[in-house]
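Novice: Below are the chains, spelled out letter by letter.
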Amino acid sequence: MATLKVSSHVPSPSEDAEQLKSAFDDRACSFTDLIVSVLDLEDLIFFDYLGFHSQIRDSHCHGSKSVNFLDLTFDFCEGWGTNEDLIISILAHRSAEQRKLIRQTYHEACGEDLLKTLDKELTSDFERAILLWTLEPGERDALLANEATKRWTSSNQVLMEVACTRTSTQLLHARQAYHARYKKSIEEDVAHHTTGDFRKLLVSLVSSYRYEGDEVNMTLAKQEAKLIHEKIKDKHYSDEDVIRILSTRSKAQINATFNRYQDEHGEEILKSLEEGDEDDKFLGLLRSTIQCLTRPELYFVDVLRSAINKTGTDEGALTRIVTTRAEIDLKVIGEEYQRRNSIPLEKAITKDTRGDYEKMLVALLGEDDA
Amino acid sequence: MAHTLDLEGITKAISGMGVEEGALISTLGNSHKDHRKLFRKASKSFFVEDEERAFEKCHDHFVKHLKIEFSRFTNAVVMWSMHPWERDARLVKKALKKGDEAYNLIVEVSCTRSSEDLLGARKAYHSLFDQSMEEDIASHVHGSQRKLLVGLVSAYRYEGKEVKESSAKSDAKILAEAVASSGERAIENDEVVRILSTRSKLHLEHLYKHFNQIKGSDLLGGVSESSLINEALLCLLKPSVYFSKILNASLNKDADKGTKKWLTRVFVTRADHSDMKDIAEEYNQLYGEPLAQTIQEKIKGNYRDFLLTLLSKSN
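Sequence order for the protein chains is A and B. Going by UniProt numbering, the first sequence opens with residue 1, and the numbers climb by one from there. Going by UniProt numbering, the second sequence opens with residue 1, and the numbers climb by one from there.
Treat the hints loosely; a few may be bogus.
[What the hints assert, rightly or not] If you want the footprint, here are the derived chain B segments under chain A, 3+ residues with CB under 8 Å:
#: 1; stretch: 38–50
#: 2; stretch: 155–163
#: 3; stretch: 188–198
Derived from the structure by calculation, the hints contain no laboratory data. Heads up, the beta-carbon is just placed ideally off N, CA and C, and yes, glycines get one too.
Work the whole structure out from these sequences, hints included.
Specialist: In structure tokens, the structure reads:
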């Protein structure tokens with residue numbers, strides 16, 4: 001279930017666009033401006049971006065004192081923060097269709113793409129969250145996929161996530177948006193930037209157009225469960241048939257197949273796959289693929305948990321999941337998260353994030369008071 | 001008795017492709033039973049004399065032949081009325097059932113249709129057969145062609161005007177090397193499959209130019225030992241040439257039953273597109289005779305008239 005909260009009386013797109021414009025007009029400064037205005041730069045001895053701790057000259061005692069910039073910024077943001085609140089209060093409470101209209105109206109009224117303005121005015125994590133959120137789902141997925149083909153590491157996971165947790169229609173929209181935005185097809189980029197087993201699996205997954213009905217062929221499920229069992233026993237994880245089944249069968253059929261697998265062999269497929277080498281990245285991807293196709297909410301809980309618990313928090317993953325699932329199944333994910341971690345998702349997030357970024361996420365979780 | 005039957009006329013009316021319905025009505029339909037007896041006695045290819053029992057038996061193939069030739073028009077009409085997506089979905093399904101020899105049909109559908117039309121065919125496939133096109137192909141094709149065929153039908157190619165020249169050039173080199181080194185296993189080569197099944201047609205056109213420069217030979221001159229690869233290349237780069245060639249094959253008097261059916265398929269599937277005109281021009285260039293003329297001479301009856309109408313529609 002979605003967590004997005006939209007009130008029954010929503011202002012018109014032009015009213016929203018007006019409000020957003022005023023939010024930007026009042027916003028005269030960026031983080032850097034803030035620092036400059038807070039301190040005389042001559043006082044700044046050492047500025048640590050990551051730790052937010054710094055040394056500044058203390059003109060009063062001819063020494064230096066350490067300052068936590070984050071706290072300082074918050075003090076200032078109390079006064080400055082209103083406008084981000086306005087931005088959040090509008091955008092975080094509109095559906096995809098509504099956001100699309102706002103974007104159009106804003107462009108007509110102000111002559112600039114709303115996203116460009118957001119890019120200019122906002123900073124880092126918050127900006128990223130707003131950017132992802134404001135994009136239409138198809139464009140969003142196209143952006144995520146394109147970024148994933150450029151970086152090297154956990155990008156494979158993002159590609160698989162987009163390909164497997166979207167409906168066939170949603171994936172199709174992503175492919176269309178990809179053409180429009182990048183003048184290429186998603187599959188050609190994925191193919192070009194991956195090799196070997198990863199390419200085999202990922203290209204097939206992003207090119208799939210799965211049947212979405214509930215019809216299931218039990219005989220086939222039995223056959224394919226057996227086939228998969230044999231391949232896994234011999235550790236042939238990247239076998240063509242395994243990839244074929246995972247990337248072409250409907251989700252209903254795949255679920256039936258793995259249920260059958262469990263009946264026949266007394267253990268879940270994911271358990272069987274734990275036997276493999278922990279460092280085998282392909283095996284890891286394969287397991288995530290299966291999880292995404294059968295129990296996506298559990299996959300998301302796992303990713304969220306490691307994103308939040310990592311020192312420093314993996315904002316990328318956190319932002320991505322909250323913005324892409326808020327309108328789909330974030331509620332179910334939240335419930336599952338609490339069940340497994342004994343702490344509400346919202347609490348885990350507020351413990352580890354701050355400022356407007358935190359406010360945005362909380363709003364998308366439907367937990368703010370707006 | 002009235003005038004004798006024009007035996008030659010009737011035989012002509014039912015030989016070849018299509019049937020001269022009008023002639024049959026006015027001659028055979030209008031005939032006296034004694035004349036028909038003479039017809040049967042004289043048509044040694046269609047009837048065999050049972051001398052012991054004093055009657056002329058039908059050859060099996062007489063009935064079969066008539067069935068096939070009469071149904072060409074019917075099939076053309078049914079196919080023409082169908083939504084193009086359903087048409088293509090059914091073509092692919094049929095090809096899968098037939099097996100190896102029909103896989104060129106899958107290549108044809110996936111490579112000559114626009115991205116939207118191919119997607120439409122995949123949608124129709126969901127609706128008609130309760131499964132996805134790629135899953136059906138993947139589970140029916142077990143040999144080396146599986147990768148390429150699944151890849152080709154899963155493509156959703158970019159159709160815009162932008163091309164990255166350096167990519168096209170490097171792909172040309174990769175393709176050249178892959179085809180040269182893999183021989184008949186080229187069809188399974190990952191790079192070959194990647195290039196053929198993900199790149200836009202415009203990209204492939206640029207690739208084509210670079211390939212010919214690099215190798216000094218024509219990419220479309222049967223570069224690979226695999227006929228499916230050659231066919232995919234031709235369909236993607238020069239569909240009019242491809243269609244002209246299969247039209248020519250279908251019109252050959254020694255063509256087999258299956259090949260003859262290609263005639264209907266090409267006309268019905270291309271008549272709505274601007275390239276029917278190109279196909280006719282290409283045919284003329286390749287074979288020295290206007291397509292319309294060939295149809296006029298070799299095809300009979302309603303079937304001929306239908307094809308000619310489809311052809312003139314696109315001019």
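Novice: Next, verify each hint and record whether it holds.
Specialist: Going through the hints against the structure:
1. 38–50: violated (count 0)
2. 155–163: holds (count 7)
3. 188–198: With 4 residues in contact (Cβ-Cβ under 8 Å with chain A), the coverage given for the stretch 188–198 of chain B holds.
The structure is inconsistent with hint 1 alone, although it conforms to all the rest.
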